[in-house]
Every structure is written in C-alpha cells, then in structure tokens.
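Trainee: Single-letter residue listing:
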Amino acid sequence: MMARINRANSGTWQFPQLVTASRLFWVAVLCILLLWSGRATEMDRAFVMTGQAIHAAATGQKDSQVVNGFSQIAKSLWPLQLESRTELHQQADQPAALALPFSHIETTSRSSQSTDPVTGQVVTTNQTKTELVVPYGYVLVVVSKLIETIQMAIWATLIALIISLPLGFLAARNLMGDGFIVGLARSLIGLLRAIPELVSALFFVVAFGFGPIAGIFALGLHAAGFLGKFFADDSENADIKPQEALVALGANTLKVARFAVLPQVLPQYIAYSLYILDRNIRMATVIGLVGAGGIGQELKGRFDMYDYGHVATILVAIFILVVLVDQLSASIRKQLL
Amino acid sequence: MSKAAGASIQFEKVSKRFSDGTVALSDLSLQVPAGTFCVLLGPSGSGKSTLLRCLNGLETPSQGSVYVDGTLVNRNSIKQLRKEIGSIHQQFGLVQRDQVANNVLAGALSKLPTWQAMLGCYPRALEARAAEMLEQVGLDPVHLHRRAGELSGGQQQRVGIARAFMLAPKLILADEPIASLDPKTSYDILALIREQAQALGATVLCSLHQVDLARVFADRIIGLKAGRVVFDGAPSDLTADMVGLLYGHDESAVAPEYV
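From first to last, the protein sequence lines stand for chains A and B. Count along the first sequence from 1, then add 47; that gives the number in the numbering used here. Every letter in the second sequence is one number past the one before it in the numbering used here, and letter 181, counting from 1, is 178.
None of these hints come from the bench; they were simulated from the model. Beta carbons are placed, not taken as given, at the ideal position from N, Cα and C, and that holds for glycine. Worth double-checking, as some hints may not be accurate.
Said to hold, decoys possible - The calculated label-pair distances, taken between Cβ atoms and stated as ranges, are: (1) L238/A with K108/B: 34 to 42 Å; (2) L205/A with S23/B: 50 to 58 Å; (3) E9/B with A68/A: 56 to 64 Å; (4) S378/A with W112/B: 50 to 58 Å; (5) L116/B with G230/A: 27 to 35 Å; (6) G117/B with V74/A: 53 to 61 Å; (7) T111/B with G230/A: 19 to 27 Å; (8) R72/B with L65/A: 50 to 58 Å; (9) K108/B with L313/A: 22 to 30 Å; (10) L205/A with W112/B: 29 to 37 Å; (11) I194/A with Q77/B: 39 to 47 Å; (12) P110/B with G230/A: 28 to 36 Å; (13) F15/B with L65/A: 35 to 43 Å.
As the list claims (entries may be wrong) - Within a straight-line C-alpha distance of at most 30 Å, the following computed BS3-like cross-link-like pairs (lysine-lysine) qualify: (14) K108/B with K176/A; (15) K288/A with K108/B; (16) K10/B with K288/A; (17) K302/A with K108/B; (18) K302/A with K10/B.
Using the sequences and the hints given, assemble the complete structure.
Mentor: Dropping the structure here:
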C-alpha cells in the first residue's frame, strides 16, 4: 500500500531556475560584445577565407589564397634535409672524416664561364669540389641541439624549484599569516609570472649574450613564479586540522610546514614540477628564436637563410621530442602518485 | 620519562567574541584542580571547543585571563606552556598521507631544534619514547610504517593519543576525542586517555557529547550553554532534569540566573 503523500504547496518551494530574465539579459550583452569584437579581429574574414579554402580543397580548384599559401610552404619544406655536406680542402682530412659509418666523399666538378677583364675573351674554368657527405649528418646536429634544449629545460626547472619552494612558503597565508611578507612574496610571484619567457629572454640575451644561459634564466624565473603560486595555493588548501594539532603541540611555523603541510601537498608539488619540466622543454624550443640557445636558435638561423628543408627536419624532431616527453612524464607521474 | 605532576586550570571572567559577532564564551570563570578528569558537556556551539582552544593558545580570549598551572596564558608564555600540554583532537588531526611513525614523533617537535626537525632526523631516545607510547596505546610495530589514513578511526585516535602523550604533558586537552567512533571503541579510547593521564598525574579536560560516558569517566562534569557554565559538579549530581536543561531547546527551561 502506498503511503499517502502530503503534497507541498508548490508556491512556497522555489527551486533554482536555469533560464531567468537576468541571465538572458547578460547572454544578450555577451553576444553583442562578441559580435563587435569579431569585427575588430576580422573574424568574419577568417570565416570566409577558411570556407573558401575548404571549398577549393574539396573541389580541387586552386584559387584560394589560404590553399596557395599552405601548398607553397609544404613544397618548400619538402624534402627534409637529412644529410650534411662539409667541404674538404686537404686530402689529409679524408681518412679521419670518414670515421662515421655510411659517410662518403663526393667530388663534383663544375665548369663556369667568365669574361677575362684584361683580354676580353670568354674563359672556361673548371672547379672541383671535394665534399664529405654524411647521409644523416644534419639529423645528428639536430639531435645534439635537442639534447642541449633538454639540458636547458632541466636546469631551468632546478632553478625554478630552488626559488619557488621558499617563495611559496613565504606566500602561504596559512603559514605566514596575512601580513607584509605574504604581500611581498605574492607580488614577487606575480611579477615573475607576468614577464613572458620570450620577453625576459630578450633582456637576458643582451645581458649574458647568445646561448643557453639566457634561455635557462628566462625559463627558470617564469617557472619559479608559476610554481611559487601553485605551491602557496596548495599549502593554503591543505587540511588545517593537522596544522592546528602541531601548533597546539608547540611546533613552530617551519616545523608545521615540514610535518603538517609538506606531506599533504607533496604529490601535487611533484605533479607541478613534472609539468614545468614538460613545459620548459616545449618553451625551450621557442625561446631559442631570440638567440637563447637550444634547437630554437638553430631553427631561427635556418629559417632566416631560407633553408626550409632544414626547418622541416627541426619541426619533425621537435614534434617527436614533445610526444616522447609527454609519454615519459605521464608514466613518471603514474609511478610517483 | 619522569613523572610530572598535573597542572591546575583557572579561567577568570573569560569572554570570547569572534569577529563575525558570535559570542563563544561569556564572562566564564572556572577552576580545575591538578589531576582532575574533567568532562565538558553541552550542545554544539556552547563554547566547549573555544574553552579548550583558549588553553593551548589556538584562540585568545577577548576579555579575562586564563591560567595553566598558575601561569597566565599569553603570547610570551604559550611557547613554554605548549610543551606541557597534550592536545587530542576531534577527527584526530593526523596527517593522513604520512606514516604513523612521523605522526607520533611530531608530538615531540617542540623539543627538537628546527634544523634537526627540517632534516627529519629524530634522536634515538625520542624514537624509543614513540615506540613505548604506541605500545601503550595498543598498536603494533607493523602499524609504524602505515599511512595514518589507512588505519581505522579508533586506531587513528590511538595514534593521536600517543602523539599527545609524547612529552609526558601535565595537561591533556581532548576536544570530542570520540566523535565518529563506535560505542565500544569510544569507551576504550576514553579509558586509555584516563589510564595514561593517571600514570602521569596529568589533568584532563575533555569535551564530550555522550552523557553516559561522561558519568563513567569524569571526576567532575562542567555543563556549558551559550558560553556560560550552567552545571558544575560530580557525575552523581548530574540529574536527568539537569541534562534536559543542558540540551533543551526551550530557552525558558534554563534557570533564570543563567540566561
């Protein structure tokens, strides 16, 4: 037998509604703002051009500006530059240079015609060029640059950790109260985070010269701000009960941080640090564009010399590295947490 | 560890008003002699926790003075006093992710130089003391390296008790130590606290919601309501009417002099 349900007066029980007049108003305002900003950022043109490109690609026509642009890039990137050629000037160099497997020596002769300025006659000269060809030589160069990039990322992560651990501690309100020190530490963290790596790398390149030092400092300082903020926020979100328990038992702030906060936040700290390492490797490839060492510097150099085959090799190599790092950090994270 | 005598407690016209306007304690005066097992009863929000937190310096009274063993509790004295006060907490206050060993040893942090604590290296004597305490609260060596969060509620509170007794305190403050524990475990935990305190001669101030258990364990019961003492006496004096008055919702049920 069903129990008799006492029907509540539906007028007095007001449940939250999804669609309300004020929400509709704000959605309308948002739409108008987006339309206005879409004009300013040429989103309408982007839409039309993308549509044309898709149409052109689908029908096989080649009259789209976008399709033409991309196919031009694709043509110049192909084929990938894998081999390296080094000109040999002395016969004595040859045996030593052939130490690498599959390397060989190519001799090309070229004849060129020029007009002798004295006699006015056309002269044909034959030039022979002896080159050491290593079929995978440029790949080796890229790999060594990638290793330099990874080393930059590791050092930048180390610097970031050394700065951010004490900074995060000083910026945590649960440990340091809500006074001047926390304000100062939070401002410093904000400052470090506010300066993008590319910008600070420009300054460091001026100060320390071209090369990895500038890149490491630029990446390290930005990451220090990032980690400091997350360390401080996590510390503030940690369970307060063990902290109070240790305070009541007479532990000072450092001891509370070490024994009541650190054990709680350590897994997240490790996760953030791994993410920063991952991010630093990706950013280290970009930061080289301003001359701060690593693969990016090589990329920029080749791009400026229109060596698009080399550029393509570098891009493929960066892609492979990023995928590998992603897999690696995922598996480390799984093991540690 | 040498036997320490208990500490006496004195509240002199203590009031505590929080910044949001809540009045937790209102003109409360109280004296507990050394070595007493004193239970605080009262509905939620009656000021039991605040009273305890004024003793270990987690709260500062808005008015009035609190004395532990004759020493005024203030910013200067609290560092020294906390070495002699053991606190046991509702929900245990353990670091769930950390090993039992570290949780218990943390009870001795106030005795350890900071640099040594940072490295996490405890002297042998403290480790021996922690082992002794864990044995006394009924835990096994296998528990030492388990994470606190993996233990049952009763076992976690045993760890909490071992931590509180690490430095052989003169005063034990227990804030609803058996909340969320089953009746049998609750009884065992209170018995353990009383037994450990008696061995040291320590004073115990323990807030509870279980009137029957309060009657069993207390030398003295203090009833709090709205930040005032409405009952103070031996367990035998706590009549059913008194309990009704203590937990009654009807304000008129409270004797006029206490309103």
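Trainee: Each hint should be assessed against the structure and marked as holding or not.
Mentor: The hints, checked one at a time:
1. In this structure, L238/A and K108/B meet the distance hint of 34 to 42 Å, their C-beta atoms being roughly 40 Å apart.
2. Between L205/A and S23/B the beta carbon distance is about 56 Å. The supplied range of 50 to 58 Å therefore holds.
3. Taken as a hint, the range 56 to 64 Å holds for the pair E9/B and A68/A, whose Cβ atoms sit roughly 59 Å apart.
4. Separation of S378/A from W112/B is about 36 Å and departs from the stated range, judged on CB atoms against 50 to 58 Å.
5. Distance hint check: the CB atoms of L116/B and G230/A are about 31 Å apart, consistent with the given range 27 to 35 Å.
6. Distance hint check for G117/B and V74/A: the Cβ-Cβ separation is about 55 Å, which falls inside the suggested range of 53 to 61 Å.
7. Restraint check, T111/B to G230/A: a C-beta distance of roughly 25 Å satisfies the suggested window 19 to 27 Å.
8. For R72/B and L65/A, the hinted distance range of 50 to 58 Å is satisfied, since their beta carbons lie about 53 Å from each other.
9. K108/B and L313/A have their C-beta atoms about 25 Å apart, which keeps the hinted 22 to 30 Å range intact.
10. One distance hint, 29 to 37 Å for the beta-carbon pair L205/A and W112/B, is violated here, with the actual separation near 23 Å.
11. Between I194/A and Q77/B the Cβ separation comes to about 57 Å, which falls outside the hinted range of 39 to 47 Å.
12. Between P110/B and G230/A the Cβ separation comes to about 30 Å, which falls inside the hinted range of 28 to 36 Å.
13. In this structure, F15/B and L65/A meet the distance hint of 35 to 43 Å, their C-beta atoms being roughly 37 Å apart.
14. Of the pairs offered as hints, the one joining K108/B and K176/A is violated, with about 80 Å between alpha carbons and a cut-off of 30 Å exceeded.
15. Only pairs whose Cα atoms come within 30 Å are accepted, and K288/A paired with K108/B is accepted, the gap being roughly 21 Å.
16. Proposed proximity of K10/B and K288/A is supported: the alpha carbons are some 29 Å apart, at most 30 Å.
17. Proposed proximity of K302/A and K108/B is supported: the alpha carbons are some 11 Å apart, at most 30 Å.
18. About 34 Å separates the Cα atoms of K302/A and K10/B, which puts this hinted pair outside 30 Å; it is violated.
Hint compliance for this structure: hints 4, 10, 11, 14, 18 are not met, and every other hint is.
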